[in-house]
Amino acid sequence: MECKRKKEWPESNDSNRPTTFPDEVLERVLSLLKSHKDRSSVSLVCKDWYNAERWSRSHVFIGNCYSVSPEILTRRFPNIRSVTLKGKPRFSDFNLVPPNWGADIHSWLLVFAKKYPLLQELKLKRMTVTDESFEFLSLSFPNFKVLSLLSCDGFSTDGLAAIATNCKNLTELDIQENGIDDKNGNWLSCFPESFTSLEVLNFANLHSDVNFDALERLVSRCKSFKTLKVNKSITLEQLQRLLVHAPQLVELGTGIFSQELTAQQYSELETAFNNCKNIHTLSGLWTATAQFLPVLYRACANLTFLNLSYSTLDGDDLAKLLVHCPNLRRLWVLDTVEDKGLEAVGSYCPLLEELRVFPADPYDQDVVHGVTEAGFIAVSGGCPRLHYVLYFCHQMTNAAVATVVQNCPDFTHFRLCIMNPHQPDYLTDEPMDEAFGAVVKTCTKLQRLAVSGLLTDLTFEYIGKYAKNLETLSVAFAGNSDWGMQCVLEGCPKLRKLEIRDSPFGNAALLSGLEKYESMRSLWMSDCNVTMNGARLLAKEMPRLNVEVIKEEGINNSKADKIYVYRSVAGPRRDAPPFVFTL
Amino acid sequence: MSVPEEQDYVGLTELPSMEKGSDKFSQRSNGTTGLNLKATELRLGLPGSESPERDVAGAGKSAVVCGAKRGFSDTINGVSAKWALSGNGGSETSLGKDSMPNSPKPLLHEKKQPQISAVPPKEQVVGWPPIRSFRKNSMASNPQKNGDDEAEAEAKGGCLYVKVSMDGAPYLRKVDLKNFTSYRLLSSALEKMFRCFTISQCGSHGISSHDNLSESRLKDLLHGSEYVLTYEDKDGDWMLVGDVPWEMFTASCKRLRIMKSSEAIGLAPRAMEKCKSRN
Numbered sequence: 001m002e003c004k005r006k007k008e009w010p011e012s013n014d015s016n017r018p019t020t021f022p023d024e025v026l027e028r029v030l031s032l033l034k035s036h037k038d039r040s041s042v043s044l045v046c047k048d049w050y051n052a053e054r055w056s057r058s059h060v061f062i063g064n065c066y067s068v069s070p071e072i073l074t075r076r077f078p079n080i081r082s083v084t085l086k087g088k089p090r091f092s093d094f095n096l097v098p099p100n101w102g103a104d105i106h107s108w109l110l111v112f113a114k115k116y117p118l119l120q121e122l123k124l125k126r127m128t129v130t131d132e133s134f135e136f137l138s139l140s141f142p143n144f145k146v147l148s149l150l151s152c153d154g155f156s157t158d159g160l161a162a163i164a165t166n167c168k169n170l171t172e173l174d175i176q177e178n179g180i181d182d183k184n185g186n187w188l189s190c191f192p193e194s195f196t197s198l199e200v201l202n203f204a205n206l207h208s209d210v211n212f213d214a215l216e217r218l219v220s221r222c223k224s225f226k227t228l229k230v231n232k233s234i235t236l237e238q239l240q241r242l243l244v245h246a247p248q249l250v251e252l253g254t255g256i257f258s259q260e261l262t263a264q265q266y267s268e269l270e271t272a273f274n275n276c277k278n279i280h281t282l283s284g285l286w287t288a289t290a291q292f293l294p295v296l297y298r299a300c301a302n303l304t305f306l307n308l309s310y311s312t313l314d315g316d317d318l319a320k321l322l323v324h325c326p327n328l329r330r331l332w333v334l335d336t337v338e339d340k341g342l343e344a345v346g347s348y349c350p351l352l353e354e355l356r357v358f359p360a361d362p363y364d365q366d367v368v369h370g371v372t373e374a375g376f377i378a379v380s381g382g383c384p385r386l387h388y389v390l391y392f393c394h395q396m397t398n399a400a401v402a403t404v405v406q407n408c409p410d411f412t413h414f415r416l417c418i419m420n421p422h423q424p425d426y427l428t429d430e431p432m433d434e435a436f437g438a439v440v441k442t443c444t445k446l447q448r449l450a451v452s453g454l455l456t457d458l459t460f461e462y463i464g465k466y467a468k469n470l471e472t473l474s475v476a477f478a479g480n481s482d483w484g485m486q487c488v489l490e491g492c493p494k495l496r497k498l499e500i501r502d503s504p505f506g507n508a509a510l511l512s513g514l515e516k517y518e519s520m521r522s523l524w525m526s527d528c529n530v531t532m533n534g535a536r537l538l539a540k541e542m543p544r545l546n547v548e549v550i551k552e553e554g555i556n557n558s559k560a561d562k563i564y565v566y567r568s569v570a571g572p573r574r575d576a577p578p579f580v581f582t583l
Numbered sequence: 001m002s003v004p005e006e007q008d009y010v011g012l013t014e015l016p017s018m019e020k021g022s023d024k025f026s027q028r029s030n031g032t033t034g035l036n037l038k039a040t041e042l043r044l045g046l047p048g049s050e051s052p053e054r055d056v057a058g059a060g061k062s063a064v065v066c067g068a069k070r071g072f073s074d075t076i077n078g079v080s081a082k083w084a085l086s087g088n089g090g091s092e093t094s095l096g097k098d099s100m101p102n103s104p105k106p107l108l109h110e111k112k113q114p115q116i117s118a119v120p121p122k123e124q125v126v127g128w129p130p131i132r133s134f135r136k137n138s139m140a141s142n143p144q145k146n147g148d149d150e151a152e153a154e155a156k157g158g159c160l161y162v163k164v165s166m167d168g169a170p171y172l173r174k175v176d177l178k179n180f181t182s183y184r185l186l187s188s189a190l191e192k193m194f195r196c197f198t199i200s201q202c203g204s205h206g207i208s209s210h211d212n213l214s215e216s217r218l219k220d221l222l223h224g225s226e227y228v229l230t231y232e233d234k235d236g237d238w239m240l241v242g243d244v245p246w247e248m249f250t251a252s253c254k255r256l257r258i259m260k261s262s263e264a265i266g267l268a269p270r271a272m273e274k275c276k277s278r279n
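Protein chains in written order, with the UniProt record's numbering: chain A, 1 to 583; chain B, 1 to 279.
These are calculated hints, taken from the structure and not from any lab test.
Computed from a predicted structure; not experimentally measured.
Be a bit skeptical, because a hint or two may be false.
Beta-carbon label-pair distances, calculated as ranges [claimed, not checked]:
no.: 1; chain 1: A; residue 1: ALA301; chain 2: B; residue 2: LYS174; range: 43 to 51 Å
no.: 2; chain 1: B; residue 1: ASP237; chain 2: A; residue 2: ARG573; range: 40 to 48 Å
no.: 3; chain 1: B; residue 1: ARG184; chain 2: A; residue 2: ARG573; range: 23 to 31 Å
no.: 4; chain 1: A; residue 1: ARG573; chain 2: B; residue 2: MET193; range: 29 to 37 Å
no.: 5; chain 1: A; residue 1: ALA290; chain 2: B; residue 2: SER262; range: 49 to 57 Å
no.: 6; chain 1: B; residue 1: MET193; chain 2: A; residue 2: TYR50; range: 55 to 63 Å
no.: 7; chain 1: B; residue 1: ASP176; chain 2: A; residue 2: LEU110; range: 28 to 36 Å
no.: 8; chain 1: A; residue 1: SER558; chain 2: B; residue 2: ASN179; range: 34 to 42 Å
no.: 9; chain 1: B; residue 1: VAL162; chain 2: A; residue 2: ALA508; range: 49 to 57 Å
no.: 10; chain 1: A; residue 1: ASN278; chain 2: B; residue 2: ALA189; range: 44 to 52 Å
As a list, the in silico DSSO-like pairs of lysine-lysine whose alpha-carbon atoms are at most 30 Å apart [stated by the list, open to error]:
no.: 11; chain 1: A; residue 1: LYS183; chain 2: B; residue 2: LYS192
no.: 12; chain 1: A; residue 1: LYS183; chain 2: B; residue 2: LYS254
no.: 13; chain 1: A; residue 1: LYS441; chain 2: A; residue 2: LYS494
no.: 14; chain 1: A; residue 1: LYS497; chain 2: A; residue 2: LYS123
no.: 15; chain 1: A; residue 1: LYS125; chain 2: A; residue 2: LYS114
no.: 16; chain 1: B; residue 1: LYS174; chain 2: B; residue 2: LYS234
no.: 17; chain 1: A; residue 1: LYS183; chain 2: B; residue 2: LYS234
no.: 18; chain 1: B; residue 1: LYS178; chain 2: A; residue 2: LYS123
no.: 19; chain 1: A; residue 1: LYS441; chain 2: A; residue 2: LYS497
no.: 20; chain 1: B; residue 1: LYS136; chain 2: A; residue 2: LYS125
no.: 21; chain 1: B; residue 1: LYS178; chain 2: A; residue 2: LYS125
no.: 22; chain 1: B; residue 1: LYS174; chain 2: A; residue 2: LYS183
no.: 23; chain 1: A; residue 1: LYS468; chain 2: A; residue 2: LYS125
no.: 24; chain 1: B; residue 1: LYS136; chain 2: A; residue 2: LYS497
no.: 25; chain 1: A; residue 1: LYS183; chain 2: B; residue 2: LYS178
no.: 26; chain 1: B; residue 1: LYS178; chain 2: B; residue 2: LYS192
no.: 27; chain 1: A; residue 1: LYS223; chain 2: A; residue 2: LYS145
no.: 28; chain 1: A; residue 1: LYS183; chain 2: B; residue 2: LYS163
no.: 29; chain 1: A; residue 1: LYS168; chain 2: A; residue 2: LYS123
no.: 30; chain 1: A; residue 1: LYS340; chain 2: B; residue 2: LYS136
no.: 31; chain 1: A; residue 1: LYS320; chain 2: B; residue 2: LYS136
no.: 32; chain 1: B; residue 1: LYS234; chain 2: B; residue 2: LYS178
no.: 33; chain 1: A; residue 1: LYS123; chain 2: B; residue 2: LYS136
no.: 34; chain 1: B; residue 1: LYS136; chain 2: A; residue 2: LYS183
Backbone N, C-alpha and C define an ideal beta-carbon position, used for all residues, glycine too.
Extracted from the complex, chain A is given alone in its bound form (with noise of 0.2 Å):
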C-alpha cells in the first residue's frame, strides 16, 4: 500500500491563475520519469512539483553515502523501493584508503527498516557491509528481490547465506569483484527448494566449490533465469547441464574452460551452446584454450558484450572468436592478446563501442609483450563508433593518440593508463601534453579521463580550455605545479569528480576551487603538497563542505597526506574513524 498524501484540490476562481493539474495525474506523469538527472530538473520548477516528485519517486541514487543522512532521505522520499549507494572515495579499489574507514550500510539499513519496509532493490558500490548486516536485511524487508554489490568489503558468504535462506522473493544476486571472506560454498545451498523466482545469480567472483547439485536444481526449478555467472569451479561438463536447463540465458558467464573431455562430451558441450540463442553477454572463460572456444562460435552470433578479462587469450585465438561476433559492442580482454590481437578487434569488430584491455602482469619486470600504440590505432581504425576505451600499456606516442582521435572524435570516456609513472612519449620523449591536448581538443563530448605518463601543466591548461563536458578526471604523478590544478578547476564547469595522487599541487590550487567545490561530488588529493593548514582554511572558509584528512596515527606534521573533500548536507561525519580528521 503505498503512502498517500492528500491534498485539498485548490479552490479557485480566479481565471487568471493558470490551472494545475491534480496531484494524482502529475504524480502519475512524474512516475514515468526514470533518470534521477530528470527528477532532480523535475523537483525545481516549483514546490508543488517538488512535491509531485518526491512523492512518485521510486528508486533513489547516493553517489557519496556521506553527503545525505538516511533521515533526511527517508524524510524526502517516502516511497523508495529501489537504493543505489556510493561509499568509499574510488581510490580506495586500489588501496589508498585504510581499512576501517567508514561507509557502513548497517545505519541505513536500520533507517530504511522503518521507512522503507517495502524495500526491493540495494546496490551498493565501496560500501562496508557486514554478515549481521546481511542477516538483518534479509529478515527486515519481506519483498527484497535485488542484491549487488561491487567493490564491497567486510562480509563473508555467511552474509549470503543469510540471504538465500531469507529472501523469499529475491531476483538477483549479483556478487561482482569484492573484498569478500569466502569461507565456503554453501551458501548456494540454502536457497530452499520451494524458491523458484531467482533470475540473476553471479558469484563468478567467488572460489570457494558449491555443491553442483543445488545449482543444477535452483537453475532448473527457477525457469525466469536470465543470466548466470558461475565461478572457476564448475567444469565444463557441468556447464553443458546447466545450458540445458536453461538455453533462455542472456547473459552467461562460464567457470573453467578447459577440461578432459571426450569426444561425444566436446559434441553435447556444441549443442548446448548452439541451443543458447539469446547469449548477448559472455564472461568467465577461465584457462580458455584454443581447443574449446569453437564451441561458443554459433552462440556468439547475437553477442554484444565479451568479457575475456580473465582469459590469458593469445592474439591468434583472440582473432579466431571475434570473427563470429560481428555485433560486438563492447569488449573487455587482457594485454595476452597484444597489437596482434587488436588489429582483430578492428578488422572483425566495426560496431564495437567500448574496448578495455586489462595487463595481465602488471608488476612483472620482464614483460615484452602487452599492447602498445599500434594497437590502439588498428583498433580505432576499424571501430569508428568506439567511444569508451580504458587502456593499460607500458608505452605510448603523443602521435598514435592523436591519430587514435582523430579516427574516433567522439569518446565519451577516456582511460589512458600508461603504467610506469612519468614515463614520456617513447619516440620523442616528450611530455604526453600533445596527447591528451589531442584528445579533450577533439572529443567535444569528453565526460570522463584519465591521464598517464610525463605530464606538464600543459596539460592541465588543455583540459580546462577544452574539456567543457568532463565530468570526472582521474590524475596520477603528474603536472609541474599549482597552476595546473587551477586550470582545470576554473575551467571545466561540468567538473564533478576530481581525484588526483602523487601530484605536486598545494594549497594555493586546493584553495582556487573555494567556489568551485560544491558543484562537485567530491575532490581526493593524496600525496600532493597540500598541509593541514590549507586544509583548515579550505574548512573554514566552505562550511558546507566536510573536509576530512587521513592521517596514520602517530603522525604527527603539517602535511595533509590524504584529503577528502566533499559536499554534504548531512554535516560533519560521525562515525569517523581516529585517523579520519575532520575539519
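Go by the hints and put chain B onto chain A.
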C-alpha cells in the same frame, strides 16, 4: 607520506651505511644489464639502513624509495603502508621516485627499442597501476599458460596453505595465505599464533618501553630485533618477507620461517640499538 622521518621502514632515520649483513641477499641474477649494479650488490647494511651515497627520495612525494634494505618490522610497519620494491634493486635514476618533475625527467630508456633491456627495474607504488585488488589477486593465482603450478592452485580450490616454522618452537603451524590480503594481516595472525612460544622469552632484554606485557612485548620481539620473518620461494631461495607486492608474494611463497635475528649474520646487537633508538 612525504617527510623522511615517517618512512621508518625505509630507514632514513636509521644508522647509516656499512653495518653487518642483512638477511636479504639478492639471489636472483643481479642487474647484469649494466643498470645500477650498486642496487643489487651484496651490501653489509642493516635492515633499514642505506649507504650514504644513495640518493633517496628525500622529498618523498612518491611512496617509492629505493635501495634501502630493512627488517621485517620496518617492512610490515610501513606507517603509510607503502611498499618499496627493492627486489631486483631499486634504481636511483628510475622513474617514479621523483614526483616533482620540475626538472626534465631522465631518459628512461633508449628510443625506438623494445622495453626489455633498456628499461630499468620498475619500482612499485601502492595502488599503481590502478587495478582493483580483486583482479590483481585473481591474476596472481591464475598464471599464464606456461605456469606449471596452475593445476596446483586450482586443485586446492582457492587455498594456499604454507607451513610456518619458528626458531625454537617445538612444532610448526600452517596458515592459509588466501585468508590475508596484506602483510599487516599476516603479521598479526602470526603474532597471535606464536604468542605462546615467545612470551617465555620476553626475559630481560629491556627492549620494550611499554608497560604492558605480552602483546606489545611480542610485537617488539617480532617487529623489533628478536625475529625476522622469511620465506622460501619457488626457486628455493630464502627471502625477506615484505619486499614484493602481496600478490606476488602469495604466488611464490612455499613456506614461512620466523627466524631468530641472531641466525642472520651478526644482526642482533645493531637491531637492538635500532629498536631502542626508535622507542
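Hint check results:
no.: 1; hint: A:ALA301 <-> B:LYS174: 43 to 51 Å; in the structure: holds, 50 Å
no.: 2; hint: B:ASP237 <-> A:ARG573: 40 to 48 Å; in the structure: holds, 47 Å
no.: 3; hint: B:ARG184 <-> A:ARG573: 23 to 31 Å; in the structure: holds, 24 Å
no.: 4; hint: A:ARG573 <-> B:MET193: 29 to 37 Å; in the structure: holds, 36 Å
no.: 5; hint: A:ALA290 <-> B:SER262: 49 to 57 Å; in the structure: holds, 55 Å
no.: 6; hint: B:MET193 <-> A:TYR50: 55 to 63 Å; in the structure: holds, 59 Å
no.: 7; hint: B:ASP176 <-> A:LEU110: 28 to 36 Å; in the structure: holds, 34 Å
no.: 8; hint: A:SER558 <-> B:ASN179: 34 to 42 Å; in the structure: holds, 39 Å
no.: 9; hint: B:VAL162 <-> A:ALA508: 49 to 57 Å; in the structure: holds, 51 Å
no.: 10; hint: A:ASN278 <-> B:ALA189: 44 to 52 Å; in the structure: holds, 47 Å
no.: 11; hint: A:LYS183 <-> B:LYS192; in the structure: holds, 20 Å
no.: 12; hint: A:LYS183 <-> B:LYS254; in the structure: holds, 22 Å
no.: 13; hint: A:LYS441 <-> A:LYS494; in the structure: holds, 16 Å
no.: 14; hint: A:LYS497 <-> A:LYS123; in the structure: holds, 20 Å
no.: 15; hint: A:LYS125 <-> A:LYS114; in the structure: holds, 23 Å
no.: 16; hint: B:LYS174 <-> B:LYS234; in the structure: holds, 18 Å
no.: 17; hint: A:LYS183 <-> B:LYS234; in the structure: holds, 27 Å
no.: 18; hint: B:LYS178 <-> A:LYS123; in the structure: holds, 27 Å
no.: 19; hint: A:LYS441 <-> A:LYS497; in the structure: holds, 20 Å
no.: 20; hint: B:LYS136 <-> A:LYS125; in the structure: holds, 19 Å
no.: 21; hint: B:LYS178 <-> A:LYS125; in the structure: holds, 23 Å
no.: 22; hint: B:LYS174 <-> A:LYS183; in the structure: holds, 17 Å
no.: 23; hint: A:LYS468 <-> A:LYS125; in the structure: holds, 28 Å
no.: 24; hint: B:LYS136 <-> A:LYS497; in the structure: holds, 25 Å
no.: 25; hint: A:LYS183 <-> B:LYS178; in the structure: holds, 10 Å
no.: 26; hint: B:LYS178 <-> B:LYS192; in the structure: holds, 17 Å
no.: 27; hint: A:LYS223 <-> A:LYS145; in the structure: holds, 16 Å
no.: 28; hint: A:LYS183 <-> B:LYS163; in the structure: holds, 20 Å
no.: 29; hint: A:LYS168 <-> A:LYS123; in the structure: holds, 18 Å
no.: 30; hint: A:LYS340 <-> B:LYS136; in the structure: holds, 24 Å
no.: 31; hint: A:LYS320 <-> B:LYS136; in the structure: holds, 27 Å
no.: 32; hint: B:LYS234 <-> B:LYS178; in the structure: holds, 17 Å
no.: 33; hint: A:LYS123 <-> B:LYS136; in the structure: holds, 24 Å
no.: 34; hint: B:LYS136 <-> A:LYS183; in the structure: holds, 20 Å
In this structure, none of the earlier numbered hints is contradicted; all agree with it.
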